[in-house]
Each structure stands twice: as C-alpha cells, then as structure tokens.
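Chains A and B, in that order, are what the protein sequence lines are. As numbered in the working numbering, the first sequence has no gaps in its residue numbers, which increase by one up to the final residue, 443. As numbered in the working numbering, the second sequence has no gaps in its residue numbers, which increase by one up to the final residue, 443.
Keep in mind that the hints were calculated from the coordinates and are not lab data. Small disclaimer: the values here were computed from a predicted structure and weren't measured. One thing to keep in mind: the hints can contain errors.
Pairs count within a copy or across copies, as identical chains cannot be separated in the list.
As the list claims (entries may be wrong) - No more than 35 Å apart at the CA atoms, straight line, and that leaves these computed lysine-lysine pairs for DSBU-like:
| no. | residue 1 | residue 2 |
| --- | --- | --- |
| 1 | Lys343 | Lys57 |
| 2 | Lys286 | Lys57 |
| 3 | Lys146 | Lys279 |
| 4 | Lys86 | Lys281 |
| 5 | Lys400 | Lys186 |
| 6 | Lys343 | Lys400 |
| 7 | Lys380 | Lys182 |
| 8 | Lys139 | Lys57 |
| 9 | Lys375 | Lys139 |
| 10 | Lys400 | Lys63 |
| 11 | Lys400 | Lys182 |
2 protein chains.
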Amino acid sequence: MSAPNAPANAAPKKNPYGAHAADFLSNVNSFQLIDSTLREGEQFANAFFDTEKKIEIAKALDDFGVDYIEVTSPVASEQSRKDCEAICKLGLKAKILTHIRCHMDDARVAVETGVDGVDVVIGTSKFLRQYSHGKDMNYIAKSAVEVIEFVKSKGIEIRFSSEDSFRSDLVDLLNIYKTVDKIGVNRVGIADTVGCANPRQVYELIRTLRSVVSCDIECHFHNDTGCAIANAYCALEGGAKLIDVCVLGIGERNGITPLGGLMARMIVAAPEYVKSKYKLHKIRDIENLVAEAVEVNIPFNNPITGFCAFTHKAGIHAKAILANPSTYEILSPQDFGMKRYIHFANRLTGWNAIKSRVDQLGLSLTDDQVKEVTGKIKKMGDIRPLNIDDVDSIIKDFHQEATTPKLEGKRAAAVPQSSSPLNTENSEPAAKKAKKASN
Amino acid sequence: MSAPNAPANAAPKKNPYGAHAADFLSNVNSFQLIDSTLREGEQFANAFFDTEKKIEIAKALDDFGVDYIEVTSPVASEQSRKDCEAICKLGLKAKILTHIRCHMDDARVAVETGVDGVDVVIGTSKFLRQYSHGKDMNYIAKSAVEVIEFVKSKGIEIRFSSEDSFRSDLVDLLNIYKTVDKIGVNRVGIADTVGCANPRQVYELIRTLRSVVSCDIECHFHNDTGCAIANAYCALEGGAKLIDVCVLGIGERNGITPLGGLMARMIVAAPEYVKSKYKLHKIRDIENLVAEAVEVNIPFNNPITGFCAFTHKAGIHAKAILANPSTYEILSPQDFGMKRYIHFANRLTGWNAIKSRVDQLGLSLTDDQVKEVTGKIKKMGDIRPLNIDDVDSIIKDFHQEATTPKLEGKRAAAVPQSSSPLNTENSEPAAKKAKKASN
C-alpha cells in the first residue's frame, strides 16, 4: 500500500511545480480525499445540519468525487446515529466513515450503522493524556488493539489515529503505529489537532512514519497558524496518501484544510490527476451550499472562489495578462468554471488595459491616443474611486472629440484644455465602490 | 548581514515549535516585516485609499511595530507621488519604501520623495521576459546596476527583486543576485508573483541564495494556492530575513501573506521575539480599519480574529480545555486581546462543558445529575439549533425539579416522562442560529 502509484507518478512531461524528484515516496500524484464536513465541520461554531442538509452535502461531495465522507460519531446523539445510517444507505460512490473514540462502547455502535469504515482516535500528547482521558501509552495500545480487532472482525475498514500528534513523544507515536500496523489497520492517522505544525516538520514526521508502517497514512491539519494547506501538501510529499478536508475548511476554531484551497494547491502540482479525478467546476456550488447552511460568507480572499481570485489590477500586469494569462496566473479560471477579470477602472491602470477596453467598446484609437486617454483616466482615478461607466464615458468622450471632423482648424485648436471632453459630467455623478465584497 | 542574530536565536529554553535545530541560517527568531498594504494592497480589486486613509493606515502599522512600510510607486499617478511624500514626512519609526520598475525614469522620481529606500523589481521569468518587458538577462543586469548605483548615490536603501522568481531560471537568478550583491544592494528579493511556490521549494531556493549573496533576503508570496504563510515561514527557516505582508493579505488576486496570519505562525515559533517586538493586541483594530476601507468582511476563518478562532465546540474538547487551555490551543487568545469561548449549546456537547455552565449559573448539581441534564440538552440539540438561553432554561428547570422537596414521593414519581422539565417552553420559542458570521 505504501508504494507510490507508479502509473500516476509517471508524468508524461516534466512539471516544474510537480512532485519533488527526490521524494520517491510522494503521493502528490496519487492522493485521496477524506471529506469531514459532516464530522469536523459539525464542530464548527455555526454548524447545525439537519438530516436533509447532511444528505444534500453528502451527495454534492460524492458528485465532486471525494474518496471518503466522514460523519459524526453515532454515539454523539441519537439523531447523529440515525443520520449516519441514512447516509450509508444512499449508495454513494464515496465510502462512508464514522469517527469514534478508541473505546469498545463506541465501536459496537459504529459497526452497526452500515459504514464502510471506522476512524478511531485517541489523544497521545502529554496534554491530552493528562487533561483529557488520563491514560498511559500501554493502556492506549491495549484499547487500540481491542477496538481494531473488533472492527476488523466485522469486515470494514479501520483507521487508527493519534490526536495532537505533533506534541506527542516521537518514540511513543512510532511504537503505537508499529503495533497497530502489525495487526492490520488500513490507515494510520497523523493529526495536528491544535494547528501548531509547520511544513518541514510535517514532511519529516511523515517520512519517518512512512519507514515504520506499511499501511496508508492519513493526515488532518488544523489551520490556527495558517499552514493547513501547505502542511497537507508536504505530508503528501513525505508519503501520506489521504488528506482530511472540509468544505471551506469549517471545523473546530478556524477549521482545517479547505477542500477548495487544497484543490488550488494540487492542480498546480498534479494537473492531470486532479482534473481527471475531481469535478473542479462544482467547487463553487458546494462552497455556496455549505456557506449558506452554516451562515457564513465566502471569504473575500478564498482560493479559487474569492470574489477577486482572478482579478488583475496593476497596469504593469494587464499588458502581460492580455498577451498570455499564464504570465500572472498559475490557476486557470476556466478549470473551475470561473472567469478572469481585468480591473482597469483605477489610477494604477496602464495603457494596455485601456487599449483592450477601447477595443471591447468597438472604438478605434491610435496608441498615442490611448496613452493620452489613459492619463486622463489616471488623473480622475486619483480624485475618487472609478467604476467602469466612468472609464467608458471618458473613453467615449475622448473618442468623439478625437474623431469629430474639425471644420475650423483654428477654432478647434483654441478650445481651452479645461473644457476638453475629459470632464465626466456625462458619466454617473458619483462613483460607487465595488459592491460589498462578500459573494 | 546574513549571520543569524545570535542573541535573539539563543532561546532560553527549548521550544518544540521553534526554529529547526539544523537551520543555522534561520531567521525565525529575528525576522522583520515589510508591510505593503499601501502598495500591494492598493492593487487589491476594492482598494482606493485617499491621502487621509493612507496616513491613518501608515500610523497604525507603525504603532503595531512593522519595520518597513512600502507605498505605491510615485510614477503610478500624480496623487501617488504626493501621498508618498506625505507619508515620508510623518516621522514614523518604520522606514518608508517605495516600489518601482527597474528603470531610471522611475528611480529619478522615487529618490526625490523622501523615502528611506527604494524597492526595484523586474520580471525574470521566461513568461515575463516574453510577454511583459521583452528584455533579456543582460539588459536586466545592465539596467539593475545603473538604477542601483544611482539610488545608492543618494544615500538611501536599495532592494533588487526579481518578479516571478519561482518560474525563473535558477542560474539566471543566482547570476543577477550575485551581481547586484557585489555592487552593494541592501536586500535582494524573491517573489512568488503568481502564488505557485510550495514550502520545501521555497526553503531550498532561499537556502541556495543564502550561500550566494551576503546581503539580506526579502520574500514576497502570493496566496493563490493557499501557501503564503507557510512559504514565508520556510523562507525564514532557509535564511530570509524580511517578509512582505499586507493587512488581511489584500493584494492582486487573492493577495499575499497576511500580517495577522503570519503573526499567528510566528508567535508559535518565536514567542518572546514576537511578543516583545509587535503590539499583537492591535491586530484586530488594524484589520478592521483596512477591512472597512476596502469594504470587505473579516473572513470567518481568519487566523486570530475570525469570529470562531477561539471557539471550542466538541464535547470531548471541552473537558480538557476547561482543565488546561493549552490542550487544544496553540495560540492564547489573551496575547491578541481576544477571548476564548466554549460552545456548549449543541448536540455535540459533553457533561464537562455543561457542568461548567451549571457552575457559572451558580447552581449545584451532582455529576450524575449533570450527566442526566446533558442528555436532555443533547436530545433537544438533535431537534434544532440551540442557543445559550435554551440550555440555561433546560438546566434551570432541571435544577428546580431536582431540588424541589418531594412532599408526596409517590405522586412525584408518577409524573410521566413527557411532562418532565425537559420542555423548553420557558425558553425562547424559536432558536435562532448564531448571528450571521461576519464580524
């Protein structure tokens, strides 16, 4: 199971942003997704999913192509158990997992729900051993073996994960993973429960663990210090195979690796794999579905779907973007059903962007004329925020003036500069800023 | 300049989340911030800062403690030049930089504005060389030397940066950095202009560059693939000294490394340095100032200031958090003037969280009674979202029932279960979900 997926890794041509050549254990080209919106996501402050909403989300995730869907423990509440059973009965392509404490009481309930697998977790850090369950590593190992053998006896998948792995003793961790690997777990899990891990630390731990166990490695990264996407990527580089994600990253505190953000990362590294496996143009719909259910706005700076993710503004960028979008884009908006937008109505604009707008308006001006009208637009943009109508008015006025036959050369030349068509009285009287940026 | 700052690096005790022992070039404990909200941030789709707002933002950043403030090129527009001059005249502790193309026309204007330093940039990737300026590396080197020597002759700082560094030829890059280092630039810059870089790639490039130049290294990371914070951290590990940030990360497309998010990352790695150098409790005010100016909401999942960054919900978390917050927190809300919140009004709640609430209400129940009322709360939480009033009503009703002297034992026992005080008729009739999560 730990061997790299040879065909997937054999990229047809060298991708400079792809898997590191030295990482022969890398799963960057063969990773899988465990979506935990219906488990970790239920722990998000605003989350309350009723049965209908859970089913709607599960179906959307399945349609997108996630490999696994993890749901709340059936012992969390009576309805949680019923919802778990209902999702198992949907007949989705994705395998259904539930997430339980490392305890036989929980395991006995979990295996009766119809899930394809059980994710077992127990705290191994000194913090959790002291302040949470109060058990030592021997007790943890003993419970783990009992639960694992029980779940295996029911013929379903079993994952064993530590909690707060990055604050656990390395030798303790490797010992218990080695033990559970020997008795045949499908996966072991590494969890950055508090969001403290950094990318190179993740790579090193995963790479070490990769040399200890033969089963697959799953990773779970909280985002408290903003590294959840990067840590997931480095875990794959080190040999992890499965990444836990949530839609918009919702979860405890500020959440975990977001599904959309990880897709942005992975499409750069493994474009063929990602585009062939996941329906990327569904990301926006799934994010909107979950955002509405938990009553949050899509963050303005969200990867891919943030309102400005494909908006280019600086004048020096526009020229190159118009010539070749790859100059300033590593992601293609089309891959996600999104559109590029070149923001030209501002004082940072350049004449290439304005020339493009002149063309869009079906007008004809020389380069020198475009440069002249650009200067007028920048001058107006210094005074107040501009909108597209402002710019179009300036361009149209300028064009009309430039193309009006001058019957009396002398008189036309005498028109003072101040009454030139630069004035924007014909445009909207007061420019409004872009609509409140929360889509 | 490249030598690690020995006193700052000599941590009084081992910090398990601190600088990697093998990274003797690490500046994790001695980094500096270049805030570019007034340059890169101006390239954010919604940004229009008038002079007054620019000054307000500059003063707030200075008060927070950023080392440098970078402002838009004085050649971008007439008002941009005036604003640059106005900010230079404020007499801030932070040094003021402006950001120009690698061109003498720009440099001549920049050095007259009163700035402490000039940041020069030119595209070196094959994309930018082909589609933007169309120049070869010899031309780039020649222009760079001319501009650098001119700026140096004026006695102000000079940084030379490539643009799109991670898609540039490594040998080209090292050649030009070696050239500009020899003629005495203060800093060289590495820029991930399109947001394609990953953390270990960043570490390797910076570490290589660190062996080539003797000046400081500055880094600029876009966030298109969600790695801008992690990449900044790995750059510091590799020997970079300065990180470009913006408030809320605002910039081209979905922006760059956010100031607040980087602080979350760095306080974990270098707590004494970060807490002594930066006024962390000002982050929220600065973010609100900029968010209002560019008309965006603080993202719900923003590090530190997101509305739920310190909200704990799962029942199994609450017990440990109540015993010791470090169990599930790597950041202390107090360090940022924020507060912790334990979300107990939901079906995932546990009896430890409810026991804590019972205590807060000044009521007295045995552990068995708390477990019983917790079951009632979870049952109600299965039916609909709960708010605190719901839970308090259930607890108070239960407490009243539990403590009311039973005059007629037989009759009390005969009260049917369905009319037990579980009913929440006294609580709010319809639970509302948490207020729309956009603070």
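Status of the hints after comparison with the structure:
Proximity of Lys343 and Lys57 under a CA criterion of 35 Å is satisfied in both settings, with 29 Å inside one chain copy and 31 Å between copies. For a Cα distance limit of 35 Å, the shortest separation of Lys286 from Lys57 inside one copy, 17 Å, qualifies, whereas the shortest one across copies, 39 Å, does not. Taking identical chains as interchangeable, the C-alpha atoms of Lys146 and Lys279 are never at most 35 Å apart, the minima being 43 Å within one chain and 43 Å between chains. Taking identical chains as interchangeable, the C-alpha atoms of Lys86 and Lys281 lie at most 35 Å apart only when both belong to the same chain, with a minimum of 31 Å there against 53 Å between chains.
When the C-alpha separation of Lys400 and Lys186 is checked against a cutoff of 35 Å, the pair qualifies neither within a copy, at 75 Å, nor between copies, at 51 Å. In this homomeric assembly, Lys343 and Lys400 come within 35 Å of each other (Cα to Cα) only inside a single copy, at 26 Å, whereas the closest approach across copies is 55 Å. For a Cα distance limit of 35 Å, the shortest separation of Lys380 from Lys182 qualifies neither inside one copy, at 70 Å, nor across copies, at 41 Å. When the C-alpha separation of Lys139 and Lys57 is checked against a cutoff of 35 Å, the pair qualifies neither within a copy, at 37 Å, nor between copies, at 56 Å.
With identical chains, the CA atoms of Lys375 and Lys139 are at most 35 Å apart between copies only, with a shortest distance of 22 Å across copies and 74 Å within one. Proximity of Lys400 to Lys63 under the C-alpha cut-off of 35 Å is found in neither arrangement, the shortest distances being 50 Å within a copy and 41 Å between copies. For a Cα distance limit of 35 Å, the shortest separation of Lys400 from Lys182 qualifies neither inside one copy, at 73 Å, nor across copies, at 50 Å.
When the structure is compared with the earlier hints, violations turn up for hints 3, 5, 7, 8, 10, 11 and for no others.
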